[in-house]
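Here are the chains, one letter per residue:
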Amino acid sequence: MRSLIAQRPIMAALSGLSRVCINRTAPIGAQLANSLVQGQRYASVKSQGAYKKKSKRGIPKKLGAKRTGDQYVIPGNIIYKQRGTLWWPGENCIMGRDFTIHAMATGYVKYYRDPARHPDRKYIGVTFEKDDVLPYPAHAERKRKLGRTAHQIRPEVAQPEISPSGIPFQITRVEKGEPDRLLRLRKDYSYREDNWRIGRLVQTTGLKIKRFRTRKQYFRHRRWRREREIEGQRKAAQRREELGDDAVKVVKQLSKKALKKAKKAGRK
Amino acid sequence: MSRCQSVARPLARQLQQRSVQQCLAIRSFNTTSSQLNAAASAAPVAEPTPLDLDPNTVLPEFEDALIKAGKMPVGSRRRRVALRSNPNSLPFEQLPYQAFQEARKILAADREQKVAKIKEEVEKIARVEAVEDSQFRGGPKMKATRLASLRKYVEELKIKADVNDPIVKKRFEDGLGDMNKPIYRYYAEKKWRSYDQRLITQRISQFHIVPDIIPKLVPTADVQLYFRKAKVAPGEIVDSIVSENPPRLRVQLFNPGERLVTVVVVDPDVPDVENDAFFKRCHYIAANIPLSPTDTSLPLSKIKGDDQLALPWLPAVAQKGSPYHRMAIFLLEQLPGERVDVAKVKELYASRDKFSLKSFQSKFRVRPFGFNMFRSVWDENTAAVMARHGLPGADIELRTARVHSLKGPVKLRGWEAKRQGPKYRQLWKYTKRIRGLSNARGWTKRK
Numbered sequence: 029m030r031s032l033i034a035q036r037p038i039m040a041a042l043s044g045l046s047r048v049c050i051n052r053t054a055p056i057g058a059q060l061a062n063s064l065v066q067g068q069r070y071a072s073v074k075s076q077g078a079y080k081k082k083s084k085r086g087i088p089k090k091l092g093a094k095r096t097g098d099q100y101v102i103p104g105n106i107i108y109k110q111r112g113t114l115w116w117p118g119e120n121c122i123m124g125r126d127f128t129i130h131a132m133a134t135g136y137v138k139y140y141r142d143p144a145r146h147p148d149r150k151y152i153g154v155t156f157e158k159d160d161v162l163p164y165p166a167h168a169e170r171k172r173k174l175g176r177t178a179h180q181i182r183p184e185v186a187q188p189e190i191s192p193s194g195i196p197f198q199i200t201r202v203e204k205g206e207p208d209r210l211l212r213l214r215k216d217y218s219y220r221e222d223n224w225r226i227g228r229l230v231q232t233t234g235l236k237i238k239r240f241r242t243r244k245q246y247f248r249h250r251r252w253r254r255e256r257e258i259e260g261q262r263k264a265a266q267r268r269e270e271l272g273d274d275a276v277k278v279v280k281q282l283s284k285k286a287l288k289k290a291k292k293a294g295r296k
Numbered sequence: 055m056s057r058c059q060s061v062a063r064p065l066a067r068q069l070q071q072r073s074v075q076q077c078l079a080i081r082s083f084n085t086t087s088s089q090l091n092a093a094a095s096a097a098p099v100a101e102p103t104p105l106d107l108d109p110n111t112v113l114p115e116f117e118d119a120l121i122k123a124g125k126m127p128v129g130s131r132r133r134r135v136a137l138r139s140n141p142n143s144l145p146f147e148q149l150p151y152q153a154f155q156e157a158r159k160i161l162a163a164d165r166e167q168k169v170a171k172i173k174e175e176v177e178k179i180a181r182v183e184a185v186e187d188s189q190f191r192g193g194p195k196m197k198a199t200r201l202a203s204l205r206k207y208v209e210e211l212k213i214k215a216d217v218n219d220p221i222v223k224k225r226f227e228d229g230l231g232d233m234n235k236p237i238y239r240y241y242a243e244k245k246w247r248s249y250d251q252r253l254i255t256q257r258i259s260q261f262h263i264v265p266d267i268i269p270k271l272v273p274t275a276d277v278q279l280y281f282r283k284a285k286v287a288p289g290e291i292v293d294s295i296v297s298e299n300p301p302r303l304r305v306q307l308f309n310p311g312e313r314l315v316t317v318v319v320v321d322p323d324v325p326d327v328e329n330d331a332f333f334k335r336c337h338y339i340a341a342n343i344p345l346s347p348t349d350t351s352l353p354l355s356k357i358k359g360d361d362q363l364a365l366p367w368l369p370a371v372a373q374k375g376s377p378y379h380r381m382a383i384f385l386l387e388q389l390p391g392e393r394v395d396v397a398k399v400k401e402l403y404a405s406r407d408k409f410s411l412k413s414f415q416s417k418f419r420v421r422p423f424g425f426n427m428f429r430s431v432w433d434e435n436t437a438a439v440m441a442r443h444g445l446p447g448a449d450i451e452l453r454t455a456r457v458h459s460l461k462g463p464v465k466l467r468g469w470e471a472k473r474q475g476p477k478y479r480q481l482w483k484y485t486k487r488i489r490g491l492s493n494a495r496g497w498t499k500r501k
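Top line first, the protein sequences correspond to chains C and Z.
Residues in the first sequence are numbered consecutively from 29, following my numbering.
Residues in the second sequence are numbered consecutively from 55, following my numbering.
What you were told as hints is all true, and nothing was included just to trick you.
Calculated pairs, BS3-like style, for lysine-lysine (alpha carbon to alpha carbon, straight line, at most 30 Å):
1. Z:Lys245 to Z:Lys283
2. C:Lys171 to Z:Lys270
3. C:Lys173 to Z:Lys461
4. Z:Lys465 to C:Lys109
5. C:Lys173 to Z:Lys270
6. C:Lys94 to Z:Lys461
7. Z:Lys270 to C:Lys150
8. Z:Lys408 to C:Lys173
9. Z:Lys465 to C:Lys90
10. Z:Lys412 to C:Lys171
11. Z:Lys417 to C:Lys171
12. Z:Lys334 to C:Lys173
13. C:Lys171 to Z:Lys334
14. Z:Lys483 to C:Lys215
15. Z:Lys461 to C:Lys89
16. C:Lys158 to Z:Lys461
17. C:Lys89 to Z:Lys465
18. C:Lys158 to Z:Lys334
19. Z:Lys486 to C:Lys215
20. Z:Lys461 to C:Lys109
21. C:Lys173 to Z:Lys374
22. Z:Lys465 to C:Lys94
23. Z:Lys412 to C:Lys173
If you want the ones that stay clear, here's a sample from chain C, every Cβ over 10 Å from chain Z, calculated:
24. Asp208
25. Tyr219
26. Trp224
27. Thr232
28. Ala293
Note that these hints are calculated values from the structure, not bench results.
We put the CB at the ideal spot given by N, CA and C, even for glycine.
Generate coordinates for the entire structure from the input sequences, incorporating the hints supplied.
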């Protein structure tokens with residue numbers, strides 16, 4: 029019993045109550061209220077330190093800056109992890125789904141403010157040169173890098189149409205009312221469509237699988253719906269106010285069962 | 055559905071269908087348009103009647119011939135057909151509705167008032183002009199301000215006099231408005247500002263035209279772009295074979311008077327592989343082109359004069375793998391009465407690369423007032439276009455440069471990677487698949 033009480037403060041309080049009940053000198057109601065308000069705990073419980081124990085540490089989320097100012101980063105590097113937008117993505121940076129700031133170019137991290145863009149947002153940017161200062165002047169040309177290398181285009185090697193066994197490498201199956209299918213010769217001398225082409229067939233059906241194409245669209249829809257609801261509620265409240273209290277007749281939604289019951293009661 | 059209903063339904067449906075068909079038959083008797091269309095589709099080429107030569111009553115099949123002859127069809131097709139069926143109808147302003155005629159009287163009275171006011175103001179201007187500069191209270195500066203404000207007020211009154219006239223509005227909507235008159239320019243500008251101006255401003259900011267090519271640009275004229283007779287929306291990606299020949303611009307000015315204009319086409323996205331950057335290339339320069347609110351067509355291929363064309367059209371091409379090229383078309387206004395020295399332009403910009411519109415602007419004292427753009431990417435026709443015009447780089451492909459990780463190479467892990475040494479010679483036939491290096495088909499890592 030003791031150990032149980034030690035583990036659970038509520039149980040301890042209850043046990044306190046039960047003791048109070050035995051004491052007949054004070055009115056029971058007052059005693060009950062006292063023990064609840066004061067939260068009586070006895071020495072034996074206190075000595076075990078049950079209520080002083082802090083909850084165990086949670087899993088660390090490891091938020092915060094992962095790269096300091098002027099540190100070198102490459103595309104995709106995480107610069108800052110956060111809940112919400114403590115920092116906003118600036119020059120050559122993007123924000124991920126969980127508000128993480130990533131670098132989009134090789135360069136040096138800069139933490140800065142840009143009052144021309146927003147009066148009180150803090151930005152993280154990446155500059156190509158270490159000495160550059162962000163924000164750049166408003167009417168200066170943007171600094172951009174090509175980030176590509178030149179390669180010779182390889183001429184396409186012509187494939188023979190007929191295989192050594194005398195049958196064509198690929199044939200087209202034409203079926204009325206269906207898109208043309210390109211079947212290719214396989215190692216086992218069967219003709220089969222490429223898997224990636226089969227995957228593309230879904231697009232020809234015009235089926236709509238998801239209501240929203242992207243997660244972003246869904247969230248935008250949810251936001252707009254919420255705004256509409258709030259607007260509607262506000263208008264309804266306004267209308268109620270205009271009509272006055274007596275004009276409003278609240279129709280409570282009842283289930284079928286409840287309706288039936290009410291009907292029955294009325295008949296009696 | 056009950057039994058009798060289920061029996062009766064197909065019968066009823068048939069009856070309904072029949073009645074619908076009958077109705078259709080009756081309607082086709084009455085309407086002219088469907089009948090005429092049907093007749094046209096049956097006999098492909100009919101002789102044009104005199105009504106078909108009139109832009110107010112031309113039928114759709116004769117529109118092309120009329121446009122070629124230089125006359126644009128007026129109004130909607132529906133209206134044209136209606137006018138054909140009832141040629142002797144009353145003119146709009148004589149419609150016999152009492153309220154309409156009363157309203158017209160009120161508008162006419164208002165116009166009279168405005169015209170009287172204009173007369174008064176013009177007289178006032180003449181009086182102010184007659185006073186000598188030194189005699190005017192506040193000096194010559196004050197006199198100039200006073201005159202400017204009076205003239206502005208007169209212009210305002212001119213628009214207010216006609217702005218409520220339904221005939222004026224109709225003429226504008228039919229495309230018959232005379233752009234020498236302030237009211238039609240006012241309507242045209244209002245229409246432009248309602249959509250096209252907003253669109254072009256958005257394109258200027260979203261494609262970063264403003265900091266990339268010039269520091270400031272506020273368009274004040276409507277510039278539309280046409281390739282092969284088809285209108286191209288600002289920022290659209292145009293096939294390289296289509297943009298091989300210079301486009302036609304349709305420029306609508308909203309302020310009166312003729313002026314000289316310079317056209318410059320710039321591509322700010324030419325890849326510079328050596329410096330890992332981009333530079334700007336000039337694709338076209340023509341100067342001293344006269345423009346006024348009434349002549350709107352500006353075909354770049356028709357500009358050939360020695361004192362006009364400085365740099366001929368260079369087709370818009372993008373190398374394979376390069377990001378899209380923005381082709382920015384600028385219209386720049388020259389100072390009144392001043393001509394651009396085309397020979398000097400030719401000499402300065404013989405090499406089209408590393409062009410700067412900002413320096414061009416300051417050298418030749420021109421001010422940008424109109425803008426449009428299209429985009430160009432590598433497509434199946436680009437190589438042929440480049441070959442035809444002797445442009446290099448068709449055989450070169452740009453690939454994204456690999457950025458290597460900042461972390462060092464990781465030692466290979468796993469059962470198979472551990473058993474690669476000669477100690478495990480007897481296992482070699484089983485230790486072929488190492489992650490990142492090989493798979494069942496063989497060695498995958500490129501050397």
